[in-house]
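Enquirer: Going down the list, the sequences are from chains A and B.
Per this note's numbering, the first sequence starts with residue 37, numbered consecutively.
Per this note's numbering, the second sequence starts with residue 4, numbered consecutively.
Do not take every clue at face value.
[Claimed, not checked] Listed below are the simulated DSBU-like cross-link pairs for lysine-lysine, each with C-alpha atoms no more than 35 Å apart in a straight line:
1. B/Lys69 with B/Lys23
2. B/Lys69 with A/Lys104
3. A/Lys140 with B/Lys44
4. A/Lys107 with A/Lys73
5. A/Lys78 with B/Lys58
6. A/Lys104 with B/Lys17
7. A/Lys107 with A/Lys58
8. A/Lys107 with B/Lys17
9. B/Lys17 with A/Lys93
10. B/Lys67 with A/Lys58
11. A/Lys140 with B/Lys67
12. A/Lys140 with B/Lys17
13. B/Lys44 with B/Lys23
14. A/Lys107 with A/Lys94
15. A/Lys58 with A/Lys78
16. B/Lys17 with A/Lys58
17. B/Lys17 with B/Lys44
[What the hints assert, rightly or not] What follows is a set of in silico ranges between Cβ atoms, one per label pair, in the way DEER data are often shown:
18. A/Glu115 with B/Gly19: 48 to 54 Å
19. A/Lys93 with B/Leu119: 26 to 32 Å
20. B/Leu71 with A/Glu92: 38 to 44 Å
21. B/Asn73 with A/Lys94: 37 to 43 Å
22. B/Pro43 with A/Ala106: 29 to 35 Å
23. A/Gly77 with B/Ala5: 28 to 34 Å
In case anyone wonders, no lab produced these hints; they're calculated from the structure.
Every residue, glycine too, gets a C-beta built ideally from N, C-alpha and C.
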Amino acid sequence: GENVEQHPSTLSVQEGDSAVIKCTYSDSASNYFPWYKQELGKRPQLIIDIRSNVGEKKDQRIAVTLNKTAKHFSLHITETQPEDSAVYFCAASINSGYALNFGKGTSLLVTP
Amino acid sequence: GAVVSQHPSRVICKSGTSVKIECRSLDFQATTMFWYRQFPKKSLMLMATSNEGSKATYEQGVEKDKFLINHASLTLSTLTVTSAHPEDSSFYICSARIGGGSETQYFGPGTRLLVL
Numbered sequence: 037g038e039n040v041e042q043h044p045s046t047l048s049v050q051e052g053d054s055a056v057i058k059c060t061y062s063d064s065a066s067n068y069f070p071w072y073k074q075e076l077g078k079r080p081q082l083i084i085d086i087r088s089n090v091g092e093k094k095d096q097r098i099a100v101t102l103n104k105t106a107k108h109f110s111l112h113i114t115e116t117q118p119e120d121s122a123v124y125f126c127a128a129s130i131n132s133g134y135a136l137n138f139g140k141g142t143s144l145l146v147t148p
Numbered sequence: 004g005a006v007v008s009q010h011p012s013r014v015i016c017k018s019g020t021s022v023k024i025e026c027r028s029l030d031f032q033a034t035t036m037f038w039y040r041q042f043p044k045k046s047l048m049l050m051a052t053s054n055e056g057s058k059a060t061y062e063q064g065v066e067k068d069k070f071l072i073n074h075a076s077l078t079l080s081t082l083t084v085t086s087a088h089p090e091d092s093s094f095y096i097c098s099a100r101i102g103g104g105s106e107t108q109y110f111g112p113g114t115r116l117l118v119l
């Protein structure tokens, strides 16, 4: 089955700096890659997603890049703010099944 | 739009009892619902995929007789933890997919289960 690896497990940045979280996947059939933000005790919230026919997608301070050949995708957060502090999960799924395989998560801390 | 609710938000029960958790899509019809389990400071682990009107598909290692899933309508799926034990204590989260080729999943707020 699909195996999604996520790095780093923890990331601490100063407010205003950029944060980058990287994920790799194993199944070349995966074609949908969402990123979720989860605050403590809350539900995961979709922040951005990308499909395999696109190499990059941006939404304000958040961007995701996808390298299908290397089977990795990354989340980029620019101009980080303290409210960006949370756990971020990457995931991958195959269109036929839609089930998401999650990475282990990255705990991001943005210090003022 | 695309709101998913779960009930209850938290439950404490005695070992050996059964607990039912409901997952509802409030403003859309969910072709598929998923059930995940999340231990503290860990990732979400898919337990099963539930399609309306058909039997759920369970992930390897998940006991279907222990975690009963019913998806009787396009807006409701239930997970029943039968004969719960302390090791079943966890955060159970459902998600729902609109369908029509959309891959986007919307998550419920989760149910925290504590088995004493």
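Enquirer: It remains to establish, for every hint, whether it holds in the given structure.
Expert: Evaluated hints:
no.: 1; hint: B/Lys69 with B/Lys23; in the structure: holds, 12 Å
no.: 2; hint: B/Lys69 with A/Lys104; in the structure: violated, 39 Å
no.: 3; hint: A/Lys140 with B/Lys44; in the structure: holds, 9 Å
no.: 4; hint: A/Lys107 with A/Lys73; in the structure: holds, 22 Å
no.: 5; hint: A/Lys78 with B/Lys58; in the structure: holds, 29 Å
no.: 6; hint: A/Lys104 with B/Lys17; in the structure: violated, 48 Å
no.: 7; hint: A/Lys107 with A/Lys58; in the structure: holds, 11 Å
no.: 8; hint: A/Lys107 with B/Lys17; in the structure: violated, 45 Å
no.: 9; hint: B/Lys17 with A/Lys93; in the structure: violated, 48 Å
no.: 10; hint: B/Lys67 with A/Lys58; in the structure: holds, 34 Å
no.: 11; hint: A/Lys140 with B/Lys67; in the structure: holds, 25 Å
no.: 12; hint: A/Lys140 with B/Lys17; in the structure: holds, 31 Å
no.: 13; hint: B/Lys44 with B/Lys23; in the structure: holds, 24 Å
no.: 14; hint: A/Lys107 with A/Lys94; in the structure: holds, 19 Å
no.: 15; hint: A/Lys58 with A/Lys78; in the structure: holds, 23 Å
no.: 16; hint: B/Lys17 with A/Lys58; in the structure: violated, 41 Å
no.: 17; hint: B/Lys17 with B/Lys44; in the structure: holds, 24 Å
no.: 18; hint: A/Glu115 with B/Gly19: 48 to 54 Å; in the structure: holds, 52 Å
no.: 19; hint: A/Lys93 with B/Leu119: 26 to 32 Å; in the structure: violated, 46 Å
no.: 20; hint: B/Leu71 with A/Glu92: 38 to 44 Å; in the structure: holds, 43 Å
no.: 21; hint: B/Asn73 with A/Lys94: 37 to 43 Å; in the structure: holds, 41 Å
no.: 22; hint: B/Pro43 with A/Ala106: 29 to 35 Å; in the structure: holds, 33 Å
no.: 23; hint: A/Gly77 with B/Ala5: 28 to 34 Å; in the structure: violated, 21 Å
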